[in-house]
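S.K.: Taken in order, the sequence shown gives residues 119 to 427; the numbers are from our numbering.
Quick caveat, the hints were computed from the structure, so don't treat them as lab data.
Every residue gets a Cβ at the ideal spot worked out from N, C-alpha and C, and that includes glycine.
There's no promise every hint is true.
[Stated by the list, open to error] Here are the computed lysine to aspartate or glutamate pairs in the DMTMM-like style, where the Cα-Cα straight-line distance is at most 25 Å: (1) K290 x D395; (2) K425 x D405; (3) K249 x E276; (4) K425 x E276; (5) K353 x D238; (6) K247 x D121; (7) K208 x E307; (8) K208 x E171; (9) K427 x D346; (10) K208 x E328; (11) K166 x D176; (12) K290 x D153; (13) K290 x D301; (14) K353 x D301; (15) K394 x E421.
[Said to hold, decoys possible] Restraint-style ranges between C-beta atoms, simulated for each label pair: (16) A267 x D189: 53 to 61 Å; (17) R387 x V278: 36 to 44 Å; (18) V295 x A217: 54 to 62 Å; (19) A292 x P270: 54 to 62 Å; (20) R192 x E322: 51 to 59 Å.
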Amino acid sequence: MTDILVYVPNSGKHAAEVLTLARALGDVSAIAFDDAAAALAGEYGAAKVYRVEAPGVDDYFVDPKAAVLIDLARSANPGFFLLPSTDEGKALAARVAVALDNGLMTDVSGLDADGTATQDAFAGATVVKSKSTKGFTLATVKSGATEPAPAPGSPATETVNATVDSADQRVKVAQRVDEPAGDRPALSEARIVVSGGRGVGSAEDFALIEKVADALGGAVGASRAATDSGYYPHKFQVGQTGTTVSPQLYVAAGISGAIQHRAGMQTSRVIVAVNKDADAPIFGMADFGVVGDLFQVLPQALEEIEKRK
Numbered sequence: 119m120t121d122i123l124v125y126v127p128n129s130g131k132h133a134a135e136v137l138t139l140a141r142a143l144g145d146v147s148a149i150a151f152d153d154a155a156a157a158l159a160g161e162y163g164a165a166k167v168y169r170v171e172a173p174g175v176d177d178y179f180v181d182p183k184a185a186v187l188i189d190l191a192r193s194a195n196p197g198f199f200l201l202p203s204t205d206e207g208k209a210l211a212a213r214v215a216v217a218l219d220n221g222l223m224t225d226v227s228g229l230d231a232d233g234t235a236t237q238d239a240f241a242g243a244t245v246v247k248s249k250s251t252k253g254f255t256l257a258t259v260k261s262g263a264t265e266p267a268p269a270p271g272s273p274a275t276e277t278v279n280a281t282v283d284s285a286d287q288r289v290k291v292a293q294r295v296d297e298p299a300g301d302r303p304a305l306s307e308a309r310i311v312v313s314g315g316r317g318v319g320s321a322e323d324f325a326l327i328e329k330v331a332d333a334l335g336g337a338v339g340a341s342r343a344a345t346d347s348g349y350y351p352h353k354f355q356v357g358q359t360g361t362t363v364s365p366q367l368y369v370a371a372g373i374s375g376a377i378q379h380r381a382g383m384q385t386s387r388v389i390v391a392v393n394k395d396a397d398a399p400i401f402g403m404a405d406f407g408v409v410g411d412l413f414q415v416l417p418q419a420l421e422e423i424e425k426r427k
């Protein structure tokens with residue numbers, strides 16, 4: 119089978135999705151910089167794990183990690199090299215592509231065995247088929263591209279000892295701040311997301327969105343219009359310039375459905391939209407739509423949810 123390299127950060131669901139997709143293409147060799155990432159690789163079917171020991175690698179921006187990935191890609195000569203489509207994943211992939219003079223495809227939602235990638239353009243309005251014409255298939259995989267499926271095993275482990283070269287110390291990380299997790303699931307990992315938009319009207323009224331999310335055991339999201347208006351913190355923004363989500367259920371309340379928002383939630387399994395405007399674009403992609411005032415619709419839904427708990 120084809121050899122597949124996969125960079126595995128310690129990032130839960132998204133990394134598990136990439137490993138699941140890669141497994142269908144060939145034998146997976148995962149690159150892990152910590153024990154949690156190595157364990158995740160084993161849980162999701164990696165045949166081999168490159169366990170990188172590189173003291174100080176996280177003290178700097180992605181250059182030290184990129185140097186390791188470039189060396190491994192050069193020596194392994196894989197058929198595919200896949201990374202999650204995160205800010206870090208794209209930064210790493212770009213450096214690998216430039217160093218190896220290799221083609222690069224980003225935000226792919228599917229891959230065929232011959233290296234043909236599927237990419238959604240213009241918030242899903244256009245589906246593009248692409249293929250690298252130079253080197254191996256180097257791609258970053260979009261969140262929600264596949265449903266993660268565990269395949270526990272006992273992968274062979276190869277320790278890779280690396281040092282942080284002075285040339286890769288150009289950008290030092292000054293501080294990292296861990297946000298409190300809270301009682302709700304992380305937005306990018308949640309199986310249920312309830313999002314509010316400009317139609318919610320105020321920060322105080324976002325309490326209704328939170329109540330519905332809590333009743334369903336889900337996460338809270340917001341449109342860019344809502345975050346720009348100060349209704350909810352920007353870190354909860356769903357969309358092209360925010361977080362991409364792919365839950366089993368996505369509830370969009372008071373969200374018109376601008377193309378930038380749809381780009382961040384269009385792979386949701388079931389989409390429910392509540393909006394007063396019957397012509398709102400969100401209804402064009404919703405599985406279920408309710409034309410009405412969210413302050414009348416959501417309390418009724420909340421009442422029914424509570425009855426069934």
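S.K.: Each hint needs a verdict: does it hold in this structure or not?
M.R.: Results of checking the hints against the structure:
1. Note on K290 and D395: the hinted pairing is violated, with a Cα-Cα distance of about 49 Å set against a maximum of 25 Å.
2. Simply put, K425 and D405 have alpha-carbon atoms about 24 Å apart, close enough for the 25 Å limit, and the pair holds.
3. A hinted pair counts as satisfied when its Cα atoms are at most 25 Å apart, and K249 with E276 does not qualify at roughly 31 Å.
4. Of the pairs offered as hints, the one joining K425 and E276 is violated, with about 54 Å between alpha carbons and a cut-off of 25 Å exceeded.
5. Proximity of K353 to D238 is assessed by CA-CA distance (about 24 Å); at most 25 Å being required, the pair is judged to hold.
6. Under the criterion of a C-alpha separation no larger than 25 Å, the hint pairing K247 with D121 is consistent with the structure, at around 22 Å.
7. Proximity of K208 to E307 is assessed by CA-CA distance (about 19 Å); at most 25 Å being required, the pair is judged to hold.
8. Using a Cα cut-off of 25 Å, the hinted pair K208 and E171 holds, with the two alpha carbons roughly 22 Å apart.
9. Taken as a hint, the K427 and D346 pair is broken in the structure, with Cα atoms around 35 Å apart against an allowance of 25 Å.
10. Taken as a hint, the K208 and E328 pair is broken in the structure, with Cα atoms around 32 Å apart against an allowance of 25 Å.
11. Between K166 and D176 the alpha-carbon distance is near 23 Å, which keeps this suggested pair within the 25 Å criterion.
12. Distance restraint check for K290 and D153: the Cα-Cα separation of roughly 23 Å lies within the 25 Å cut-off, and the hinted pair is therefore satisfied.
13. For the suggested pair K290 and D301, the alpha carbons sit about 32 Å apart, so the restraint of at most 25 Å is broken.
14. A threshold of 25 Å between alpha carbons decides the hint, and for K353 with D301 the separation of about 16 Å falls inside it, so the pair holds.
15. For the proposed pair K394 and E421, the alpha carbon gap of about 20 Å is at most 25 Å, so the pair holds.
16. About 31 Å separates the C-beta atoms of A267 and D189, a value inconsistent with the hinted range of 53 to 61 Å.
17. At roughly 38 Å, the beta carbons of R387 and V278 sit within the given window of 36 to 44 Å.
18. Take V295 and A217: their Cβ atoms lie about 31 Å apart, and the range 54 to 62 Å is violated.
19. Evaluation of the 54 to 62 Å hint for A292 and P270 yields a failure: the beta carbon distance comes to about 39 Å.
20. At roughly 56 Å, the beta carbons of R192 and E322 sit within the given window of 51 to 59 Å.
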